[in-house]
Structures are given as C-alpha cells and as structure tokens.
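Protein chains: 2
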Amino acid sequence: MKELEKITPMEQDFAKWYTDVVKQGNLIAYGPVKGTIVFKPNSYGIWEQIQKNLNEYFAEKGIQNVYLPLLIPEKLFNKEKDHIAGFNPELATITKVGDKELDEKVFIRPTSEVLFADLFKNSIESYKDLPIIYNQWANVVRWEKTTNPFLRSREFLWQEGHTCHSSAIEARKFTKGMISTYAKFLKNYLAIPTIIGKKTPKEKFAGACSTYTVEAMMKDGRALQSGTSHYLAQNFSKQFDIQFKNENNNLDYVYQTSWGVSTRLLGAIIMTHGDNRGIIMPPRVAPIQIDVLELFANKNKEVHVYCENLYKELSRKFRVRLDSSDKGPGFKASNSEIQGVPIRIEVGPRDIENKSVTVVRRDTLEKIKINNENIKEQVEIILNEIHDNLYAQAEKRLNENTVFVDNYDEFKAQIKNHKFVVAPFCCLDSAEEKIKNETGATTRCLPKKFDKPLEKHKCIFEDCRKETNRYVVFARAY
Amino acid sequence: MKELEKITPMEQDFAKWYTDVVKQGNLIAYGPVKGTIVFKPNSYGIWEQIQKNLNEYFAEKGIQNVYLPLLIPEKLFNKEKDHIAGFNPELATITKVGDKELDEKVFIRPTSEVLFADLFKNSIESYKDLPIIYNQWANVVRWEKTTNPFLRSREFLWQEGHTCHSSAIEARKFTKGMISTYAKFLKNYLAIPTIIGKKTPKEKFAGACSTYTVEAMMKDGRALQSGTSHYLAQNFSKQFDIQFKNENNNLDYVYQTSWGVSTRLLGAIIMTHGDNRGIIMPPRVAPIQIDVLELFANKNKEVHVYCENLYKELSRKFRVRLDSSDKGPGFKASNSEIQGVPIRIEVGPRDIENKSVTVVRRDTLEKIKINNENIKEQVEIILNEIHDNLYAQAEKRLNENTVFVDNYDEFKAQIKNHKFVVAPFCCLDSAEEKIKNETGATTRCLPKKFDKPLEKHKCIFEDCRKETNRYVVFARAY
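First to last, the sequence lines map onto chains A and Z. Residue 93 in our numbering sits at position 93 of the first sequence; the count goes up by one each step and never skips. To convert, count from 1 in the second sequence and add 478; that's our numbering.
Treat the hints as calculated values from the structure; they're not laboratory data. A few of these clues could be false.
With a straight-line Cα cutoff of 20 Å, these simulated EDC-like cross-link-like pairs (lysine to aspartate or glutamate) come out [claimed, not checked]:
#1 A:K23 to Z:E725
#2 A:K355 to A:E308
#3 A:K327 to Z:E725
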C-alpha cells in the first residue's frame, strides 16, 4: 500500500481538493480511454448501497427492473428530432466489427428513451396493460469534452426509469412523485438536502415536455443537479407509434415519463460532506460503516482476540472491517479517516483493562469512550447521530447561502459570492444565455416552494424588467 | 395482455420449444440491433436473484466488487497475442463520435482481462498488497454470427472476477476453488447438477494457461458450459508488466486468475427444468415464488380480503404476486404456469368455508389442499421440496445419459443418441477438430472424478489408439 499523501485544503483550491480526495480515498483509478474511470471497492460499494436502498423505494412504487440493450441503430435514434439534436455530438458510434464495416451505424446508448419506446410499441394493447413502470440499472456513454471523476465522465452508471400511462394527469403525477422520492432518498440515505423544482424550457431534457430536478449545494457554493424526472407527454409515443385502446375503445398515444440518478451522486457526497481530511461517508450508504483498529496488537494477544470477537459481533448488524495489520496506530487512524469510514473503534491493551473502547467519529473527530457492554446499540445510535449531523450541517449551509435578489447588480455580486440566488425571472432562453455568459450562472430550477409567491417582482434581466411571478434559482453549477 | 399461445412440444422440435418458452414466459423481447435482447422483469428478476446470492458466496471468499470501463483502446487490447486473436473477429469497434473520426479505435469490452491488467499494473507494490480479489457485474459485447436468447447474444450480462496472487500455487488453488463454488451455487440455487472438469488445450480460454468448467446437460442431451475459471499464470502480467516485490525483496510477475458466469444460466434453467407448459423457475431464484390467485373474487368479497391478507402475510418471507384481476380461473392458472412460478395458491369461496387453500406445484402439477394455519411454514417446505425434486430429476437424467465408450463406432452411436460420452482421448487439437466435423461433438472437459482412473485405455481417435489415462467428456453443445 502506498504512503498516504496530503490533500490540498479546500479553501486553497477546491478543484484540487476534490481531485485529491477522490485519489487518496481509494475511490477510483483512471481508465485507459481518457475520461473513463474505474470504480474501486470504496466507491462501487457506495453505488451498491444506493442501488439496494433505492430499489426498496422503487419496489414500494411498483417499479419493475428490466435490462435493455446497450446498442441503438442509427435509424431508431433519429426518430425524435429534439432528442437526436441534444445527444448527437456526444454519441459513440460503432462502424466496424473486426475488420468488417457495418451496413448501419450503431450508437452506444447515451440514454434509453428510444429503446424503451421501441419495446413499449410492441407490448401494449389496451389501457388494461397500463401503467407500465420499468427501471434499469445500466451504463451509458456520452463523449464529454471535459471530464471529472463521478461528475462528468464518458461512461457512467445510473438508473433510468421509463413509464407509460393512459392519461396526462397520471403521467404528470408520476413525474412529480418521483422527484419527491429522489429528494427523500437523498435526505434519508445520503444526508443531502436539495431544492426541488422545475427546469426552465432551455434547461429541460432533450425531448421532454417538462423536467423536474433536485439541486444540491456543494461546499464551494456550486450547484449539482442530483436527479431528474421528465414528463415526456406524447413526444416519443407519437414518433414511435405507441398506441393503446382507451376505456372508450378509441386508440390514443400513451403518456410517458423518464427519470434517473447516476454515479454523480458520489461526487455530491464528497462535495457535500467532505473535509480537508478527505471524504466522509454518510453512514447508511458507507461500504464500510465501522473500522475496528487493533492497536499494538502484535504485543498483546488479548487485544487481537477481543477485536476479532468485536468484529464478528458487529458484522451481524453493520458493514465492518478489521485492521489487524502491523502498521502503527497513527497510520491506521489516517487510513480509516481518508477513506471516510463513519466510525472507527480503537482497541488497545489499556481499553481491555478498563472494559471500554474508544469510538472516533469521522464527522466531528470526537473521541468517545464507551463501555464494552451493548456496543452494538451504542454504535447504532452514534451512526444515526452522524447521519443527522451531516444533514443538519448541509441544510444550514444551503439555507444560509440561498439569497433573494431583485436587481441585476446584486445578482452579480451574490453569484460572485458563491451563493444560490433566487430571482424573479421571465425565463427567456436568450436572457439565460446572456446571464450565463456574463456571470457563469445558470438557471437551476423554478423551486417548488416559491410556486405561489405573494407578490410580483420585476424580472432580473435588464432588457426585460417585466413584472413576473416566476422565481428562479440561479447558481454556478457542475 | 395478449392471449396465451401454444408451446411446441419439446419432443417434436426442441429448438422451437425453447424459442416458444422464452417468448411465452414473458422473459424477453428482441432488441433493435439483431442478436440483442431485452431482459423483461421475469428474466431480469432471476438475474437479480443470481447476483444477490452469488454475491453472498463471493463475500465469504473475500471478493470485492468493482466496476471497470466498457471501453478498451486498440493498443491496450493488442498486447496479449492469443487473447486478441481469440476475440478480434467479434469486436465491436467505435471509430467515430458524432461526426468526428477518433484518432485511435476503441473496442467495446468482450471481456476485461486487459482492463484489469492495466489497473493492477498501477495498484501493486509488494506481496503485502496481494492477493487482490476483484469481481465486476457488467455487460459485454461479442458480435456473434448466429444468436439465441440467453445462450448466445451480441450483448450479455455476466460477472467476471479477476485476481492477482504472489504464487502459482495460490492462484491455481483459487482457480479450482472458484469452479467448485460455481458448481455449489448451481446445485444449491439453480437446482442444476454439473460435471466439473478441465478444458482441453484446444477449448481453453484465449490467453489462459488452463481453464476449468462446469458443464450441465440440457433436456435434449446437449451440453451447456455454465461457468468457467481460468488460471492465467503470468501470461498477462508479463505482457502488462504487473510486478511485485516478493518476501525476498525480488521483483516477480503476479499470477492471475479470471472466472465468470453469465446470463447463459437463464438458458440453462429453461432447458434443465422446463416442460411443455413452459419454464419452471427454481424456487430460490424465482422472481415470483408464489402466485396467489383469487378465484371468482368479483362475486365474493370475502375471498378478496382473504387473498389480500394472505399476500401480505406471505410477502414478509417470500416473493409473492397477487392476481385479483377479473380473468377466469383457467386463464390465471395458465398464466402462472407459463411464467414458471413454483407455487400457485388458489383461493375460492369454498376454500374460505373449509378453512383451507389449494397449493399447486409447478414442477409436478400436483394439487395439495393445506389448512390455513401455518401456511408460511407449509409453503416453505413445499418450495424446498420443489428445489430438491428439480435437482433430483436433473441429476438422474445426467447420470443415466452419461456413458463410457472405448471405441469410435460406439462413440459415434452414443453421440447420435444424445448422450454425454466419456472416452479415453489423447487431446490432440487435430483429433478434436476431426471428431467435431464427423460427429458434431466437442470436448467438454477432462472430468474431475476421472482424474485418476484405475486403468489405461486406448485413445478413442482412430488415427491414434495410443494407451492413455486421460478421460474426456464429449457432447454436442450449445
């Protein structure tokens, strides 16, 4: 194992801090094709926990998992014009197999709307077959120009859900319900607070009628889009001819939704909770929740036996790792810290004498002596406290750094000041473009909680200044 | 939902039977690129159970899950000559992104030895970092000419494990241990008996030193290779320069293994257990273990309430589905049967009166009246009996249809007779080739249980007829 290296302080250089944390936390290696990454056990383990727990939420909603092909023939992809226009520049294209040219180009899926549309077309006859609520866990490829581990890579992992409904009302309800599910999941499992809202027409998904989003605030004040849910209306069903017989025995096109979260969430975890010692894993998705560290065990067999028993006992309920190597106590502690393990339990000869162990919290670095009865119960309480503390810290930061402005000068100042800025805004594409060029900020969403504001304000955009009751969150974003 | 159609009897046309079962069992749809398939909930659900349970076996062996990129640059792939020669004709090749030509061709992984080699090269310093025992669940692409759902498709899902060890002995032991794990898994979860053995030099994995296999017998007597484990020796580590410092502080190349099972297992399940009514799901990996069928429920509210409660109660322990639709009893039973659900519980008004329910076993079609106390316990016993029965049937068939021969005439007759034929054989590549051309049979393995035969026999191959103590299983194979 390589020696632990230093992490650049986030105050000094946030981007460098992020890269250092990712590298030192034993999270990834770079793949041989530029912009691809290897998910090592310490990051893939988080993704496995996300899959497991989100699948439970999905099962409650009657969602069924499926798996569709990686490969999309050119003709199929070209059916929905906005969709192909949105994705074309990033499409990895297979033209050959071995030494043979293919007759038709084949794309690697950047998302699977057209594949699901093709499937649905042949699966539905009447309203009795509806709704269909499918999800898949899959890899997708988008050939991005600039890449960053977890946040933007040429291949990433995600879940993408796709549904068909017999009415627009039901489909819209499902779209909104899913964005709430994501917000709940991020809160309950990742300890990440979010702003729920609707995307502006400019920022919505290519091919969607409307897009809902959960936006999280990173420690540098930038926004990270953490999950989206799209109401596709009949945009795809009309192009792909997905019809059903309704209750009146008339043919109609189905109403569709799609929705997803991706391995970006791993980036969100790092930049929401991490500190200058590295990543801090939210306990409920941490691949390792507890490190048991044998201190000076080579000199004391009693410590070794004790730790092995403690490891076995805790493993019944938690994801635990035992470090019984011959490294020094300082190295073992640093190694646990830099990998973000929520709790480490240090056991040395004196602890055995005193019938106690030392628990160290990764979030507060607090050392807690606990007696060695009911360790499991005490540890469970501490893990929940860590989750609650991480969430509370993040929520406080989000609230303190979200500000309302009603004029463009203040807007620019607050964006420069790394804030989430809520502003009255008419949502013209050209205005968004200009604001982005001038300030680096993009619209994140029309937040749900400002749905019905009490009073109208003038649009922030100086060429507009019309009265509006639309409020939009702006921020610089990942 | 479409009307249930008929399944061709397997005695009449086994290939047609298989296609019908796959289609009628609601297992797949065909993808838009020829040779690709959609895994629908009823087949993807089996794969999820396989993942979950095999992951538990893997965790016991200290295996860590990771995820490596889909994309392999041409240069990297070309480093191991046997490996590239084996895979080149089937490699899907990305040459363009959007409208731009790439500088270097990129292959879609057909397997990931070179990606893992590239990762290991930068991860290992000394023997203290070894062994490394990684696994990934992933999709791979091999552009096969003839395809068949689950058995041979252009994209399939699998797990591929890759390990590095400090000694040849340890790596060989791991290779053999994994093939035993697969055999145990197939027995305990899929109810499939297998013959464990070593591949002949001609049939081993491209780039391996030796390959071990588990071979299962399908109902038509053909063999299905169901899992493989490869001892790679230093073949890749030398090409990719994966070195470590051993205990004597000298540099050495690591010894490697790789091993995998794939969604072929779904084909194995169908062709091992299925009958003329369709697939029969082995209970421990069935996505739905129990169908609760409300009979005449629209006329009887008591039945409906009873079934809902039964569904809730059983769901605590099993994967259950409730059919409370307005279809007739016959349709509901057929629908459950054709999807291979191990048990259906039929509840009609009379059952409520008699305080009993009717359990129908999918394997034997036996109807069992059970009283409605302790249903959970009774159902668990029946599910275990179904597993045991499926295994016993398959084992009996395997034993009865595996024959020993010592001359080529009998060999040809028994192959024609759809048997697994064990024969003395010197394992010359050219002899294998000729036998394959003449009989359609390939070598499946040198079986473990014939490792040390009591007596030598003459090689089956007529141009050879040397005395040998090698025994080889031949069969026609998928």
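Outcome of the hint check:
| no. | hint | result |
| --- | --- | --- |
| 1 | A:K23 to Z:E725 | violated (28 Å) |
| 2 | A:K355 to A:E308 | holds (16 Å) |
| 3 | A:K327 to Z:E725 | holds (17 Å) |
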